[in-house]
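There are 2 protein chains.
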Amino acid sequence: MREMEPFKLLVSQEKAEEIVLENCTPIEDTESVKIEASAGRVLAVDVRADRSVPPFDRSAMDGYAVIAKDTFGADTKEVLLRLDGVIHAGEVSDVRVSGGRCIQIATGSPLPEGADSVVMVEYTEKRGDEILITRPVYPGANVSNKGEDIVEGDVVLEKGTFLTPAKTGTLAALGLTEIEVYSKPRVAVIPTGKEIVSPGEQLAPGQIYDINSYTLLTVLEKHGVSVEQFPVAADEIETLKEALTQGLEYDMVVLSGGSSVGEKDLLAGILTELGEVLFHGVQIKPGKPTLFGIVNNTPVFGMPGYPTSCLSNAYIFLVPAVRKMARLPSVYERTVTAKIGKRIVSSSGRRQFLTVRLEGDVAHPVYKHSGAITSMAQADGYVILPVNLDVIEEGESIEVILLD
Amino acid sequence: MREMEPFKLLVSQEKAEEIVLENCTPIEDTESVKIEASAGRVLAVDVRADRSVPPFDRSAMDGYAVIAKDTFGADTKEVLLRLDGVIHAGEVSDVRVSGGRCIQIATGSPLPEGADSVVMVEYTEKRGDEILITRPVYPGANVSNKGEDIVEGDVVLEKGTFLTPAKTGTLAALGLTEIEVYSKPRVAVIPTGKEIVSPGEQLAPGQIYDINSYTLLTVLEKHGVSVEQFPVAADEIETLKEALTQGLEYDMVVLSGGSSVGEKDLLAGILTELGEVLFHGVQIKPGKPTLFGIVNNTPVFGMPGYPTSCLSNAYIFLVPAVRKMARLPSVYERTVTAKIGKRIVSSSGRRQFLTVRLEGDVAHPVYKHSGAITSMAQADGYVILPVNLDVIEEGESIEVILLD
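These protein sequence lines map, in sequence, to chains E and U.
Heads up: the first sequence at position 182 corresponds to 219 in this note's numbering, and the numbers run straight through without jumps.
Heads up: the second sequence at position 153 corresponds to 190 in this note's numbering, and the numbers run straight through without jumps.
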């Protein structure tokens, strides 16, 4: 058996984040998706309008298409216009509005020739076949002009735009059914550890279920990744090397990690042989035993084996890394302000991630130790305690980053 | 043609929200999903542990399993223990630790019989076949006791829990492969309007593309809904009635709405005939022409036809409604604080929703009018301007609700 040694290459969280981001590059591959499925994706092309919006001068209100000067003075004298017809939504009329006349018009319908404005229905009264106008309008009133919104040929959405529902609607407005977006980064998640067994199988004495590849899978999918979940690889040189080699066909490899120092050393050895270890241990608690390296430009993470550590490090390091690869916005966390439910004394000398359960506006610490399932089962979010923290008194305000 | 009338039953936003929530009831149907697909869903059962976690007393560290009293005084005198074997991860040893002896042990491995504590590898030195202990430990040190985390039979996750990645990991920890969750609410989205054409088809003069059913689809899917997108229904009594009747087979119907007063009156008429209109117009801008009713306990929304109005009302009314039905947490919005990019003067007398584009920490208003596509194409979020607002000066701090 190899000698067991404490961690080497321990770096600060900031340095670790910097190294990770430097070594993760945005995806260049693109694919076509239906616009119904485009929300949450990132545009790989500039989207230009192939026609103007509106495509014609149209009424912005339900009312009557008129010649504005016919209505001047309608607030002080009686103005009656003869009703010459009706334009329903989706209809085009070839009736021309001439002096002293009007046409009833629905919102969105093309303004008939001759008319230059629309009087809202609220400011009219029907009197037989005539319409009483009770407020004057100026030329152009209640009319949306052709190209007022978008002029044909304009770039409406730029390459690199994150597609929200609003932006998906914009694609529909242009009549598109499919759109070119960046492909999702493909990440291989490899659970490792001789003691690790997939859920559904029988546990032998000394074995525990694989937790980390499930939390990693669900966190990564939420952040724009296509995940391939590998079978459990025992932490022996040949098995690990083979799994890692298969994983290198993906855009990133995440080993969801046994928890021991020995195993991390094993992985570090393999990485040093095939590529380069960039850090091995981070000054945060929990989550110190995190390893990062590259092999042929493919980033490789060795995550801490303890579930809470693995999860918090996934939020800290993996999520920003895959979001950069997926070209997703870098700001995405949801935070709430809460009162801490009990006095916290920090003693670690490392930056600390404290999982909390929210009850109304009170955040109750649920962190027992990084191996505890209940720390995870009860966590609604986490609080970052800085390195130089001494104490937080019960009831003090803190910022909780939600785990959702 | 029916007489066109201004809106009736205009209610405040608060009242409208109250009416909507009162008439939307949480889904009772449940279904079984794989745990890999369970994140974002809501537990329909209490999840109990069918075994204790840890299932055995185990080492919490890499180190040496010892009898604690053998190490007492190790900080002041030389304590050497004979190495009797090695327990790797996932292994169980039948070697018993007796006085003056120790066994090397990996994190997570079952504590061998006889031992009551573990000395961390950092506080040891190998001296041939003996181990020098440099710090004493107390009985129980660095050992996780059986059931310390979860006791067999405990409810680990309660019915109604929203499954985050952490909670999905908890299900894996218990060895589950599938889990019973509440079904997604099924919502029928029906685009209406004679002038509305599906993207991909040819536009005749006077026609425009369906935008709203795409924004509604993507917003609703993001909030736990299974959406059925109907073909466009013309705004004529028989066509609308038929589409609505089909829609009533779902848990909710959303008519994505032509924009005219006439059409809204048509829908109100049909709803009054089949069920009940609960409000018809809301005191907000944009989004006034919003209609809500129920038919046989099924909520029916008539959304404003203008895309920006439809979208903002989807966030205001639809999202809380479907989240209640899906049993999802009611707090979900992501907000950022920004400086307003230009002076805003409010003149509406209604509560106003102002779409903004974010550039660093500056929020630039992009709202032109509720028919504008660009208001939507450029919007990163929106700001709520209260009814009694007079003016916001350029550079003042505002809260932006992100549209993502």
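Among the hints, a few may not be true.
Each pair may be met inside one copy or between any two copies, as identical chains are not told apart.
[Unchecked claim] With a straight-line cut-off of 25 Å between C-alpha atoms, the simulated DSS-like cross-links for lysine-lysine are:
id, residue 1, residue 2
1, K183, K405
2, K196, K405
3, K196, K361
4, K405, K325
5, K325, K52
6, K361, K379
7, K196, K259
8, K196, K114
9, K405, K278
10, K405, K376
Hints in this document: simulated from the structure, not taken from any laboratory.
Results of checking the hints against the structure:
{"no.": "1", "hint": "K183 / K405", "in the structure": "between (64 Å within a copy, 15 Å between copies)"}
{"no.": "2", "hint": "K196 / K405", "in the structure": "between (46 Å within a copy, 23 Å between copies)"}
{"no.": "3", "hint": "K196 / K361", "in the structure": "within (15 Å within a copy, 36 Å between copies)"}
{"no.": "4", "hint": "K405 / K325", "in the structure": "within (16 Å within a copy, 51 Å between copies)"}
{"no.": "5", "hint": "K325 / K52", "in the structure": "within (13 Å within a copy, 52 Å between copies)"}
{"no.": "6", "hint": "K361 / K379", "in the structure": "neither (37 Å within a copy, 31 Å between copies)"}
{"no.": "7", "hint": "K196 / K259", "in the structure": "both (22 Å within a copy, 23 Å between copies)"}
{"no.": "8", "hint": "K196 / K114", "in the structure": "neither (56 Å within a copy, 69 Å between copies)"}
{"no.": "9", "hint": "K405 / K278", "in the structure": "neither (34 Å within a copy, 59 Å between copies)"}
{"no.": "10", "hint": "K405 / K376", "in the structure": "within (19 Å within a copy, 41 Å between copies)"}
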